[in-house]
Amino acid sequence: MSPDAAVGALVVTAGAVLVAIGARWQGRAARPLAPRRARALAWQAYARALTRSADLALMTARDAAGRGEPTVVTVGDVVRLADERFGYDEVVREDAAAALRHAYERAGRPACCVTDAYSSIQ
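Per numbering that gives the first Met the number 0, the very first residue in the sequence shown carries number 0; after that it's consecutive.
If you're looking for bench data, these hints aren't it; they were derived computationally from the structure.
Warning: the hint list may mix true and false statements.
Here are the computed distance ranges between Cβ atoms for each label pair [claimed, not checked]: (1) R84 / R36: 22 to 32 angstroms; (2) A44 / E93: 11 to 21 angstroms; (3) M58 / G21: 47 to 57 angstroms; (4) G21 / E83: 37 to 47 angstroms; (5) P2 / A39: 52 to 62 angstroms.
Where a beta carbon is used, it is the ideal one built from N, C-alpha and C, also for glycine.
Sequences are here, hints too, so could you generate the full structure?
Structure representation (structure tokens):
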């Protein structure tokens, strides 16, 4: 057998072994499911959606307010936007209020803005 034929046979054999291994492991997950990591990622996505909903509610209320009128933003607006925009149909009002407080404080507590996020603190 020539050296070229031996190398060819070796490559074909190695390929056949890899195909057999791939067929044996077909459908298996590369990483096992980690419930703690999945819960942490779900919580991060929920918090991010609430933060974006609060920012959007504050911005929408600012745009809707007329000249000289106060901007009124409610926790219900944040809950509604989290449902409409991000698909969270069950939002805890305390979480929405915390996100609205955070957005309100991050905006520098504008004097012309009124919110009920602080009245929900127990």
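Hints and how they fare:
1. Between R84 and R36 the Cβ separation comes to about 26 angstroms, which falls inside the hinted range of 22 to 32 angstroms.
2. For A44 and E93, the Cβ-Cβ distance of about 18 angstroms falls inside the hinted range of 11 to 21 angstroms, so the restraint holds.
3. The hinted window of 47 to 57 angstroms between M58 and G21 holds, with their beta carbons roughly 51 angstroms apart.
4. A beta carbon spacing of about 45 angstroms between G21 and E83 agrees with the range 37 to 47 angstroms that was offered as a hint.
5. For the pair P2 and A39, the supplied restraint of 52 to 62 angstroms holds, since their beta-carbon distance comes to about 56 angstroms.
Consistency note: the structure conflicts with none of the earlier hints.
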